[in-house]
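Quick mapping for you: the protein sequence lines, in order, are chains A and B. Every number in the working numbering is 131 more than the matching position in the first sequence, counting from 1. Every number in the working numbering is 131 more than the matching position in the second sequence, counting from 1.
Don't read these hints as lab results, they were simulated from the structure. There's no promise every hint is true.
Note that identical chains are pooled: a pair holds if it fits in a single copy or bridges any two copies.
[Said to hold, decoys possible] Mimicking EDC-like on lysine to aspartate or glutamate, the simulated pairs with C-alpha atoms at most 16 Å apart in a straight line are: (1) Lys280 - Asp166; (2) Lys256 - Asp311; (3) Lys285 - Glu252; (4) Lys299 - Glu252; (5) Lys299 - Asp223; (6) Lys299 - Asp157; (7) Lys280 - Glu252; (8) Lys280 - Glu308; (9) Lys299 - Asp339; (10) Lys285 - Glu308; (11) Lys299 - Glu265; (12) Lys256 - Glu332; (13) Lys280 - Glu332; (14) Lys299 - Glu282; (15) Lys256 - Asp191; (16) Lys299 - Asp166.
Number of protein chains: 2
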Amino acid sequence: MILVSMTLSPTERSTVRRGKHRAVTDRAALYAVLDAGLICHLAFVADGAPVVLPTGYGRDGNTLYLHGSTGASSLRVLGAGADVCVGVTLLDGVVYARAVFHNSVNYRSAVVHGRPSAITEPGRKLHALRVITEHLAPGSWSHARQPTKRELAKTAVFALDLTEAAVKIRTGPPVDEDEDVAEARAWAGVLPLRRSWGEIEPCPLLPDGTPTPPHVRHRD
Amino acid sequence: MILVSMTLSPTERSTVRRGKHRAVTDRAALYAVLDAGLICHLAFVADGAPVVLPTGYGRDGNTLYLHGSTGASSLRVLGAGADVCVGVTLLDGVVYARAVFHNSVNYRSAVVHGRPSAITEPGRKLHALRVITEHLAPGSWSHARQPTKRELAKTAVFALDLTEAAVKIRTGPPVDEDEDVAEARAWAGVLPLRRSWGEIEPCPLLPDGTPTPPHVRHRD
Chain A
132 MILVSMTLSP TERSTVRRGK HRAVTDRAAL YAVLDAGLIC HLAFVADGAP
182 VVLPTGYGRD GNTLYLHGST GASSLRVLGA GADVCVGVTL LDGVVYARAV
232 FHNSVNYRSA VVHGRPSAIT EPGRKLHALR VITEHLAPGS WSHARQPTKR
282 ELAKTAVFAL DLTEAAVKIR TGPPVDEDED VAEARAWAGV LPLRRSWGEI
332 EPCPLLPDGT PTPPHVRHRD
Chain B
132 MILVSMTLSP TERSTVRRGK HRAVTDRAAL YAVLDAGLIC HLAFVADGAP
182 VVLPTGYGRD GNTLYLHGST GASSLRVLGA GADVCVGVTL LDGVVYARAV
232 FHNSVNYRSA VVHGRPSAIT EPGRKLHALR VITEHLAPGS WSHARQPTKR
282 ELAKTAVFAL DLTEAAVKIR TGPPVDEDED VAEARAWAGV LPLRRSWGEI
332 EPCPLLPDGT PTPPHVRHRD
């Protein structure tokens, strides 16, 4: 098993101890997890209680962008400068151990802590929306119609700095007790989980014969 | 598009208005989402700030079970009777619209609010661990070694009532502005996302020739 656990906050001594080279590697791992995910789970505190919601996002450099309808109550909380926590998790497999206590999952996970700032300047807002759009649906920004002023006004956009973040990655076979391995009392191994694109479903309202564009047809 | 949004809290008037039949349907939808997911995102408040972590779970009737190492700080927060919010999301596809403003995802999502209670009675604890084990790795409980007293002592288990919950489901094609549809300005449709099991990876420490048991080989 390889279990990697990294805290990327520069305010923590652990980061300093690991040195610069490791810190660069860690940041690359964080970016890789965020780029591989499609949606995040956004947590915030509303009326003193935790709330978690799935939502889209996009990354540009060391910034994570979030967006939503200006009418959503969750977005009003963010606009007030509240702390948030964002989790992105990729589940890579189920780990079957010889003892149920050691059952586990293989996964890549990023958890980001911070206080998002609202983006209101039109140029920056458009850039952020482009990043979010291209994350979820690469190629869409240049293919589809871009936002009108009215659509922009209905969309709230936030930037979250990626400085305070943690990455955890587990790979490899189960780790069992020596006695259980020696006794060979049960099967053990990993059942990998794969994510793949299914058969494209064109919108029924498209004119007959509309070709599916390459950015959809050949999406990785 | 079918966008279903349900709040299952009996304390809300909306539930009463929808009547009994609908309430039963909603609860079935909640259970279906929870049963289809593999991991959840658990949110809680620590030192006044939100935290979200991916973790395993299991459902039995109207109870969601959570567990973790007794040493984990997150579990200590839960043990203190704090509010949590649990999100389970299944991403079913990327929705490409004619306007990026209408890009979306097809998904099934459950969000549960509540205050978990610690389970300490050995019989109930064992039952909860069985539920969690069978959720992640069906067939494991009877195949692999069950927990020792020491392993049980190292595991904290919590029960969360599923009474306060919301389910959201989006299916179907994009919903665009009439003008964009009429102008046929861009391709639109859905790229479904599929989840499937990959090729089984037996543990390298298994004796040669150990067969893969049916509960792994034929997992749905």
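Results of checking the hints against the structure:
no.: 1; hint: Lys280 - Asp166; verdict: neither (28 Å within a copy, 42 Å between copies)
no.: 2; hint: Lys256 - Asp311; verdict: neither (56 Å within a copy, 23 Å between copies)
no.: 3; hint: Lys285 - Glu252; verdict: within (14 Å within a copy, 52 Å between copies)
no.: 4; hint: Lys299 - Glu252; verdict: neither (35 Å within a copy, 32 Å between copies)
no.: 5; hint: Lys299 - Asp223; verdict: within (13 Å within a copy, 25 Å between copies)
no.: 6; hint: Lys299 - Asp157; verdict: within (10 Å within a copy, 35 Å between copies)
no.: 7; hint: Lys280 - Glu252; verdict: within (12 Å within a copy, 60 Å between copies)
no.: 8; hint: Lys280 - Glu308; verdict: between (62 Å within a copy, 15 Å between copies)
no.: 9; hint: Lys299 - Asp339; verdict: neither (47 Å within a copy, 32 Å between copies)
no.: 10; hint: Lys285 - Glu308; verdict: between (56 Å within a copy, 15 Å between copies)
no.: 11; hint: Lys299 - Glu265; verdict: neither (25 Å within a copy, 24 Å between copies)
no.: 12; hint: Lys256 - Glu332; verdict: neither (31 Å within a copy, 46 Å between copies)
no.: 13; hint: Lys280 - Glu332; verdict: neither (30 Å within a copy, 52 Å between copies)
no.: 14; hint: Lys299 - Glu282; verdict: neither (37 Å within a copy, 23 Å between copies)
no.: 15; hint: Lys256 - Asp191; verdict: within (13 Å within a copy, 45 Å between copies)
no.: 16; hint: Lys299 - Asp166; verdict: within (15 Å within a copy, 25 Å between copies)
In summary, the numbered hints that this structure violates are 1, 2, 4, 9, 11, 12, 13 and 14.
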